[in-house]
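Novice: Just so you know, the protein sequences line up as chains U and L, in that order.
Counting from 1, one number per residue, gives the positions in the first sequence under the working numbering.
Counting from 1, one number per residue, gives the positions in the second sequence under the working numbering.
Mixed in with the good hints there might be a few duds.
Calculated cross-link-like contacts (lysine to aspartate or glutamate; reagent style EDC-like; alpha-carbon spacing at most 20 Å) [unchecked claim]:
(1) L/LYS241 with U/ASP254
(2) L/LYS241 with L/GLU253
(3) U/LYS241 with U/ASP174
(4) U/LYS241 with L/ASP254
(5) U/LYS241 with L/GLU265
(6) L/LYS241 with U/ASP65
(7) L/LYS241 with U/GLU265
(8) L/LYS241 with U/ASP272
(9) U/LYS241 with L/GLU205
(10) L/LYS241 with U/GLU126
(11) U/LYS241 with U/GLU253
(12) U/LYS158 with U/ASP174
(13) L/LYS241 with L/ASP266
(14) L/LYS158 with L/GLU171
(15) U/LYS158 with U/GLU24
(16) U/LYS158 with U/ASP65
(17) U/LYS241 with L/ASP174
(18) U/LYS241 with L/ASP266
(19) U/LYS158 with U/GLU171
Ranges of calculated distance between the beta carbons of each label pair, as one might list FRET restraints [stated by the list, open to error]:
(20) L/HIS140 with U/ALA78: 39 to 47 Å
(21) U/ALA268 with L/SER209: 28 to 36 Å
(22) L/HIS140 with U/ARG278: 25 to 33 Å
(23) U/THR207 with L/THR252: 21 to 29 Å
(24) U/ALA294 with L/SER2: 35 to 43 Å
(25) U/ALA268 with L/GLN249: 17 to 25 Å
(26) L/ALA58 with U/GLU286: 24 to 32 Å
(27) L/VAL269 with U/ALA268: 18 to 26 Å
(28) U/ALA161 with L/HIS140: 21 to 29 Å
(29) L/ASP242 with U/GLU24: 53 to 61 Å
(30) L/ARG47 with U/ALA154: 35 to 43 Å
(31) U/GLU205 with L/ALA78: 48 to 56 Å
Keep in mind that the hints were calculated from the coordinates and are not lab data.
All residues carry an ideal CB built from backbone N, CA and C; glycine is no exception.
What follows is the residue order along each chain.
There are 2 protein chains.
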Amino acid sequence: MSFTRVAIIGLGLLGGSIGLAVRENLAQVRTTGFDLDPATRRRAGERALVDHVCDSAAEAAAQADLVIFCVPPGAMAAAARAIAGSVPGHAVISDVGSCKLAVARALTAELPDNPVIPAHPVAGTEQSGADAGFATLFRHRWCILTPPAGADPALVAKLGAFWEALGARIEQMDAAHHDRVLAVTSHLPHLIAYTIVGTASDLEEVTQSEVIKYSAGGFRDFTRIAASDPVMWRDVFLANKDAVLEMLQRFTEDLTALQRAIRVEDGAVLFDHFARTRAVRRSIIEQGQDDARADFGRRDH
Amino acid sequence: MSFTRVAIIGLGLLGGSIGLAVRENLAQVRTTGFDLDPATRRRAGERALVDHVCDSAAEAAAQADLVIFCVPPGAMAAAARAIAGSVPGHAVISDVGSCKLAVARALTAELPDNPVIPAHPVAGTEQSGADAGFATLFRHRWCILTPPAGADPALVAKLGAFWEALGARIEQMDAAHHDRVLAVTSHLPHLIAYTIVGTASDLEEVTQSEVIKYSAGGFRDFTRIAASDPVMWRDVFLANKDAVLEMLQRFTEDLTALQRAIRVEDGAVLFDHFARTRAVRRSIIEQGQDDARADFGRRDH
Numbered sequence: 001m002s003f004t005r006v007a008i009i010g011l012g013l014l015g016g017s018i019g020l021a022v023r024e025n026l027a028q029v030r031t032t033g034f035d036l037d038p039a040t041r042r043r044a045g046e047r048a049l050v051d052h053v054c055d056s057a058a059e060a061a062a063q064a065d066l067v068i069f070c071v072p073p074g075a076m077a078a079a080a081r082a083i084a085g086s087v088p089g090h091a092v093i094s095d096v097g098s099c100k101l102a103v104a105r106a107l108t109a110e111l112p113d114n115p116v117i118p119a120h121p122v123a124g125t126e127q128s129g130a131d132a133g134f135a136t137l138f139r140h141r142w143c144i145l146t147p148p149a150g151a152d153p154a155l156v157a158k159l160g161a162f163w164e165a166l167g168a169r170i171e172q173m174d175a176a177h178h179d180r181v182l183a184v185t186s187h188l189p190h191l192i193a194y195t196i197v198g199t200a201s202d203l204e205e206v207t208q209s210e211v212i213k214y215s216a217g218g219f220r221d222f223t224r225i226a227a228s229d230p231v232m233w234r235d236v237f238l239a240n241k242d243a244v245l246e247m248l249q250r251f252t253e254d255l256t257a258l259q260r261a262i263r264v265e266d267g268a269v270l271f272d273h274f275a276r277t278r279a280v281r282r283s284i285i286e287q288g289q290d291d292a293r294a295d296f297g298r299r300d301h
Numbered sequence: 001m002s003f004t005r006v007a008i009i010g011l012g013l014l015g016g017s018i019g020l021a022v023r024e025n026l027a028q029v030r031t032t033g034f035d036l037d038p039a040t041r042r043r044a045g046e047r048a049l050v051d052h053v054c055d056s057a058a059e060a061a062a063q064a065d066l067v068i069f070c071v072p073p074g075a076m077a078a079a080a081r082a083i084a085g086s087v088p089g090h091a092v093i094s095d096v097g098s099c100k101l102a103v104a105r106a107l108t109a110e111l112p113d114n115p116v117i118p119a120h121p122v123a124g125t126e127q128s129g130a131d132a133g134f135a136t137l138f139r140h141r142w143c144i145l146t147p148p149a150g151a152d153p154a155l156v157a158k159l160g161a162f163w164e165a166l167g168a169r170i171e172q173m174d175a176a177h178h179d180r181v182l183a184v185t186s187h188l189p190h191l192i193a194y195t196i197v198g199t200a201s202d203l204e205e206v207t208q209s210e211v212i213k214y215s216a217g218g219f220r221d222f223t224r225i226a227a228s229d230p231v232m233w234r235d236v237f238l239a240n241k242d243a244v245l246e247m248l249q250r251f252t253e254d255l256t257a258l259q260r261a262i263r264v265e266d267g268a269v270l271f272d273h274f275a276r277t278r279a280v281r282r283s284i285i286e287q288g289q290d291d292a293r294a295d296f297g298r299r300d301h
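Go ahead and model the full structure; you've got the sequences and the hints to work with.
Specialist: See below:
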């Protein structure tokens, strides 16, 4: 038994990719979609991201047995409120948000009569909007389900099967643990990248033009991450504040230790640190979580 | 008038790529090479990275009119000393090091009778060793020359023409300015990446296995940079200590400001910061310094 009518609220990178992946992998499932932005709705229609682009979230959700919210964390509550009168009581409510405690709270508060099973596909690119989605975004990526205590195991399995059909691998954990894991594998890296790109832009003695010209020395990698959607990332840091601040504290301690090693010219400490981080990269490639080619396989450009 | 015999000391990623690029673009130039590591010399011979792999640096340099040192900054002095008795007095001495003040000092001290014109092609990958080099590494990349005051302009032009023949674009600046520019576009990004990969590895409540599984949320990008050669990077931080510490200080100030914005939940500060960093990415792509495709064009893996 699979879902037959899936409503996608928010038609950007994630929502659009879900719509396209459903069409490619679950031909029998009918999709409806809505986005607050009229230009996004129009473009979603042109790209046929879903079978039917609706004029309201309520209309999109009216016949759904699965509703997936693909909006920034801070917009989840309002989006859920918008379907509260129309969504069938049996419909599973899910999402793709990068912070699970705060989002689960918002969805459950607005839709107390529906089963809420939050999910987070750990996948994305730096691009956003109705043109950014593609059908293979979730292939080989992990999708983390964070069902609340007491969730119906059959519905959890059904949601897992849905994501597996889109190419993802499934993992389950509680929402609090998810938020700590993602604080280190996603939120802290974005915060650091946003910071360093800002630092480089504000220097007086090194021009912006020089920063851009010589960015192939490493800096350009950070600019990709720092080109991610600013609204979404503002919301992520506000919604996962405690875990992010804790990971940031540890990062700062480690950075201070390396800073000291540079200041006192302790080459052995630097070498030992730099030598052990290689193994992490090797494991990521062995486990299919990154491209094995040098430089991510960037083409000569 | 171009160089006719080029000696490459150090046959890793950079040295090997120069050798291959010379064969592809400057067929009339004869190359010799040496590496301290016998296994690297053997592999360099198998891949024909240079026309002739020699048994000593002195032999490789004996008939050269251009010697390029492609060894870590901390190994420059010893490598230069090794050719002091054999290199012709008219041969131009150059290098590819990422710190120019310290390297220029070392080369000039060891080879006081030769013209020394340091250079830095801003290009590389996370891979190292005799298998890592490829002929197109320098294409569309900038090569920065840092000739000392009083350098012969004809020799500087000749060295610039050599790098242009390998596909690079040429810029000149003084060594001190180079070291500050690279501190922000290359050295600080590497230090940050090495730090965060270490921080993630040391957590107790989030396992190494979880860090690897969910690395596609952003973390994996940092692991690529943190997989770079640990000996070279130890040397870079020791050789460019002052500029790196200064840029690190500014980065820490900016990070503290964003940390505070998260703590007091000031979404406007976060949004403003995150919105302006997108423009830097756009300029880098417009100027051909990165791949325009989403996610660097990583293939589904």
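Novice: Run every hint past the structure and note whether it holds.
Specialist: Status of each hint after checking the structure:
Annotation: proposed proximity of L/LYS241 to U/ASP254 holds, straight-line Cα distance about 18 Å (limit 20 Å). Under the criterion of a C-alpha separation no larger than 20 Å, the hint pairing L/LYS241 with L/GLU253 is consistent with the structure, at around 18 Å. About 17 Å separates the Cα atoms of U/LYS241 and U/ASP174, which keeps this hinted pair within 20 Å; it holds. Distance check on the hinted pair: U/LYS241 and L/ASP254 sit about 18 Å apart at the alpha-carbon level, within 20 Å; holds.
Straight-line distance between C-alpha atoms of U/LYS241 and L/GLU265 comes to about 8 Å, which keeps the hinted pair within the 20 Å bound. Using a Cα cut-off of 20 Å, the hinted pair L/LYS241 and U/ASP65 is violated, with the two alpha carbons roughly 60 Å apart. Of the pairs offered as hints, the one joining L/LYS241 and U/GLU265 holds, with about 8 Å between alpha carbons and a cut-off of 20 Å not exceeded. The suggested pairing of L/LYS241 with U/ASP272 holds, with an alpha-carbon distance near 18 Å, which does not exceed 20 Å.
With a C-alpha separation of about 17 Å, the suggested pair U/LYS241 and L/GLU205 falls inside the 20 Å cut-off, and the hint holds. Restraint check: the Cα-Cα separation between L/LYS241 and U/GLU126 comes to about 33 Å, which exceeds 20 Å; the hinted pair is violated. A C-alpha spacing of about 18 Å is found between U/LYS241 and U/GLU253, which places the hinted pair at or below 20 Å, so the restraint holds. Annotation: proposed proximity of U/LYS158 to U/ASP174 holds, straight-line Cα distance about 18 Å (limit 20 Å).
Distance hint between L/LYS241 and L/ASP266 is unfulfilled; the C-alpha atoms sit about 35 Å from each other, more than 20 Å. Distance restraint check for L/LYS158 and L/GLU171: the Cα-Cα separation of roughly 13 Å lies within the 20 Å cut-off, and the hinted pair is therefore satisfied. Taken as a hint, the U/LYS158 and U/GLU24 pair is honoured in the structure, with Cα atoms around 19 Å apart against an allowance of 20 Å. With a CA separation close to 11 Å, the supplied pair U/LYS158 and U/ASP65 stays within the 20 Å bound.
Proximity of U/LYS241 to L/ASP174 is assessed by CA-CA distance (about 44 Å); at most 20 Å being required, the pair is judged violated. With a CA separation close to 11 Å, the supplied pair U/LYS241 and L/ASP266 stays within the 20 Å bound. Between the alpha carbons of U/LYS158 and U/GLU171 the distance comes to roughly 13 Å, so the proposed pair stays at or under 20 Å and holds. L/HIS140 and U/ALA78 have their C-beta atoms about 46 Å apart, which keeps the hinted 39 to 47 Å range intact.
For U/ALA268 and L/SER209, the hinted distance range of 28 to 36 Å is satisfied, since their beta carbons lie about 29 Å from each other. Checked against the hint of 25 to 33 Å, the C-beta distance between L/HIS140 and U/ARG278 comes to roughly 28 Å, which is consistent with it. Distance hint check: the CB atoms of U/THR207 and L/THR252 are about 22 Å apart, consistent with the given range 21 to 29 Å. About 30 Å separates the C-beta atoms of U/ALA294 and L/SER2, a value inconsistent with the hinted range of 35 to 43 Å.
Separated by about 24 Å at the C-beta atoms, U/ALA268 and L/GLN249 satisfy the suggested range of 17 to 25 Å. In this structure, L/ALA58 and U/GLU286 break the distance hint of 24 to 32 Å, their C-beta atoms being roughly 42 Å apart. Under the hint 18 to 26 Å, the C-beta atoms of L/VAL269 and U/ALA268, about 40 Å apart, miss the expected range. At about 46 Å, the CB distance of U/ALA161 to L/HIS140 disagrees with the hint of 21 to 29 Å.
Between L/ASP242 and U/GLU24 the beta carbon distance is about 55 Å. The supplied range of 53 to 61 Å therefore holds. The beta-carbon spacing between L/ARG47 and U/ALA154, approximately 58 Å, falls outside the hinted interval of 35 to 43 Å. A beta carbon spacing of about 33 Å between U/GLU205 and L/ALA78 contradicts the range 48 to 56 Å that was offered as a hint.
The structure shown violates the earlier hints numbered 6, 10, 13, 17, 24, 26, 27, 28, 30 and 31.
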